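Asker: With the hints as extra help, turn the sequences into a complete structure.
Chains as they are written, first to last, in the working numbering: chain W, 735 to 1114; chain P, 413 to 693.
Hints in this document: simulated from the structure, not taken from any laboratory.
No incorrect hints appear here.
Computed cross-link-like contacts, BS3-like style, restricted to lysine-lysine with a CA-CA straight-line distance of at most 30 Å:
no. : chain 1 : residue 1 : chain 2 : residue 2
1   : P       : K507      : P       : K431
2   : P       : K431      : P       : K615
3   : W       : K799      : W       : K901
4   : P       : K615      : P       : K641
5   : P       : K431      : P       : K641
6   : P       : K641      : W       : K901
7   : W       : K799      : P       : K578
8   : W       : K804      : P       : K578
9   : W       : K800      : P       : K578
10  : P       : K641      : W       : K799
11  : W       : K804      : P       : K641
12  : P       : K641      : P       : K578
13  : W       : K800      : P       : K641
Remember, it's a predicted structure, so these values are computed and weren't measured experimentally.
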Amino acid sequence: MSPSSVYQSVQVLFRKIPNWVKIYYAALGIWLTTTAMHIPDGYLSPATCAVMFVVMLPFWYFGLKKLREKLNARSAPLVALLAAFCFIIMMFNVPIPGGTTAHAVGGALAAIILGPEVASIAVSIALIIQAFFFGDGGILCIGANCFNMAVVLPYVSYAIYQAISGKFPVQSRRRVAGAFLGGWLALTLAAFFAGVEFGIQPALFHTADGTPLYAPYPLSVSIPGMVIPHLLIAGVVEGLITALVVAYVQRTNQAALEVTAQPALAAEVGTFRRLRLLWIGLAVLILATPLGLLAPGTAWGEWGSDELTGRGLAFVPQGLKQLEGLWGAPLAGYDLPALGNSSLGYILSAAVGIVVIGIVAWLFTVLLTSGRPPAPKEQA
Amino acid sequence: MSSGTVPRLHRRRRSLLEKTLADLTQALEQSLFAEDIARQRGLLQALDPRVKVISILALLIAVGLSRSLPVLLGLYGVALVLAWWSAVPMGFFIKRVWLFMPFFTGVIAVPALFVTPGPALVALPLGLAITRPGATTALFLLLRVSTSVSLGVLLMLTTAWATLLKALSVLRVPEGFILILGMTYRYIFLLLLTAEDMFLSRKSRIVGRMTSADERQWLAASIGTLLDKSLHLSSEVYLAMQARGYRGQARTLDTFRMSVHDWLWGVAILGVAAGMIWLGR
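Answerer: What follows is the structure, given as structure tokens:
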């Protein structure tokens, strides 16, 4: 297929999306970006919340254990102050073009300054306090919110930051670029996970006649709904703030950046090497999801009842077996203009997003490394 | 999504400084307001915090599990009754949830009215139709989110922060984690005041309007300074703790005592939650 024919078919497909859908999603996107990514209770089923909570337990357990080993008694005040700092950062309004403001999470910055374990615990604590004391984000959803913002965001941003600038001196401009890309891409990935959590709800949890009980949109709508605004605005804000603060810290207090650049801690980057399989797996998952949409019957999360019980889910709707014959009907309904085109919008957004990320990452690397001295020494 | 408790006085477009200052002040005011209500005499205030945390969690789970709209309405009713019994200002309690619901969950629920496949309920021009499952799913989302938020607000308003933290230990939260939670809570206020001072002092020095780029640059500098201050403070706090004999073991005072009153109310609320789970299955 030639590039021009791809472009033409994309144009034709885009024209098929009704205007009101485009306008609605534009407005929704702009609105969503001015809010933080806190999922309130009611969007996710208790089963999903429980699973996400269990997923978080090892991160909390090993995070705290590692802190105790590394920082021993020091860890409590350090994490507490950093959590309080993240809490305050989430309240700062960052001006964005168009006269509105957005909020940054601060997880990427915390990870760059003190490493992902400390950041993960600190952001978790900030989120727990927000849920219990300020009503931001649900109480049952704490596991899901912590996974998106206190695991995906700090660990991924730290991995990107270290991959891009780990071998360069702390005053290098690569550090700023790494901070930007880390914050931007990690928040977008966090939004992707939130989109997945929303998107599996209607397939897994619905009434006998197929009415969704929780977040009502399938993956084809929820993923672009979360990813596009975060890729274009909220993620950029997170990246920008992270980069600007790293640049400021470079000018004023370089020692703060050296904490995660020390040889002892550089060994931690080694754990990322060991975790490489995980990252590759995640990347494959992201790339594979749009493929799943091409074959509607096997889209990710739309498992059959036998598979559901196989997954140990206790909430398989009664009579789903009889309904499986009917299961095609709502799916056939997804060919209706609005939804059919949303899934198309998703494929488009995924493809465009990956291309844009690739180009921008490449541009950054080229722009910031030209005329720079090469890395002092390569670590195997 | 931050839902404010204090009505915004200025409707004109405010600068970044003013907006952030307002948000910081609002957080302080909100916690003061919550402490005020937590000190009143009422049903939930008198309950043992452990019973309260477990009861509210049970009700939240009931809200989450319900597959019936009337049961969800019933649970919202339970939240209203508990609020009324706990001397929470009802106007505030209802407005706090419903004033902001249309802007977040409402906006998200609207397209579901049309795109959820099913028989049409109301036909609209342009070939659109509100479907029956669409209306049901939108109602499920709205009622579930608003009832959950109400219960969360109820817990937040009727418990002093420090007590709530200690009560978390019944949920098997490790002591070290609770120590950090408590310290975080304490230093949030210090950092809130520090940030407020930084923004106020900046505001008092500028006459014109800053460009967005300048604002971002300045914001980054203040975040950097605040980060520096927090890190510095953490080592000072550590030294102070050490000077007082801290060796890395966390101990929280646990002086809670269950009374007959606590048992009765705990069993009653858990019973209601269990009944609702059974009815809504």
